[in-house]
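Quick note: the sequence shown uses the working numbering, first residue 1, plus one each step.
Derived by calculation from the structure, the hints in this document are not laboratory data.
Computed from a prediction, not measured in an experiment: that's the story for all the values here.
For lysine-lysine, the following DSSO-like pairs were computed, each having C-alpha atoms within a straight-line distance of at most 30 Å:
#  : residue 1 : residue 2
1  : 128       : 36
2  : 36        : 125
3  : 247       : 233
4  : 143       : 291
5  : 143       : 83
6  : 128       : 86
7  : 41        : 264
8  : 247       : 291
9  : 125       : 86
10 : 291       : 233
11 : 133       : 143
12 : 214       : 264
13 : 41        : 128
14 : 86        : 247
15 : 36        : 233
16 : 41        : 125
17 : 214       : 41
18 : 264       : 143
19 : 133       : 83
20 : 133       : 41
21 : 83        : 128
22 : 233       : 264
23 : 128       : 264
24 : 86        : 133
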Amino acid sequence: MLKTVLNTSLRSSISAFLPLQRALYSNSPNFTTIDKVEVQKFSDKAAEWWDPSGEFSMLHLLNPPRVSYVRDQLVGADSDLAKSGKPFANIRMLDIGCGGGLLSESLVRLGGDVVGADASEDNIKMAKLHSRKDPNLWRGPGKIDYRHSTAEEILRGGELFDVVLAMEIIEHVNQPLEFLRTCANLTRPGGDLFLSTMSRTPAAYALTVILAEKVLGMVHEGTHDWSKYIKSKELCEAIESFGDEWKVRDVRGISWDPLDRQWKVAERNGLVGIGGFESLEVNYIMRASKKMLD
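Hey, can you work out the whole structure from these sequences and the hints?
This is the structure we're talking about:
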């Protein structure tokens with residue numbers, strides 16, 4: 001039964017994703033990659049964003065290793081800048097699909113000038129409400145700018161960012177390649193694009209759908225659509241198909257350690273997680289860089 005479901009979803013996902021590589025990017029003022037059903041799904045849960053034991057408890061736990069990964073990739077874990085407490089000072093960042101602002105707030109506290117954007121107005125209202133509890137988020141050196149907006153709308157406004165982050169969002173959009181292309185176009189030359197998502201593998205289906213949703217109830221049933229997951233190889237190939245100016249710098253698996261109750265970023269090609277799955281078999285995070293103009 002499971003094998004049949006996986007094979008059917010796999011064929012469906014591949015047939016939906018690969019043809020997008022031949023599609024032309026749409027400049028229509030009405031073009032968007034948002035999935036209204038997915039947006040509503042998260043709007044309905046907006047009040048729970050800042051409850052560490054609620055619907056988004058796993059994202060609360062995932063946030064520290066995500067932030068550490070971005071810091072280590074950009075400035076190095078042991079650099080003087082990292083030790084300064086403000087490693088993202090003077091770096092303009094876009095957190096697209098920011099939800100209630102879990103990642104955005106962390107980036108600002110480390111000195112980043114952050115635009116947090118989400119297609120859900122309810123999510124942005126919650127993000128703004130929570131951020132007002134800490135005046136430092138608005139004073140600097142880093143500052144927060146929350147917007148009810150989409151990646152396509154921001155791109156049409158002509159803005160560019162030193163760092164674009166699309167964390168746990170690409171599996172919730174329509175036309176993932178066009179969403180990815182938009183994120184790439186929002187990245188200034190010399191800048192970086194960070195993504196994290198889940199791989200379309202049997203291991204990911206078993207852990208994120210069957211175990212997390214149906215057995216343990218860690219998230220509501222229906223939160224994940226396995227057919228929209230993207231393998232790391234597909235994502236790397238898509239990014240580098242945008243031109244010679246793009247290069248994937250790093251890809252790491254992220255695993256949940258049930259004993260320590262912590263998410264951990266894996267070493268390259270390591271065995272991690274329950275059952276020792278290959279590090280990129282379930283969750284992964286990656287960095288791609290855009291070459292400076294000559």
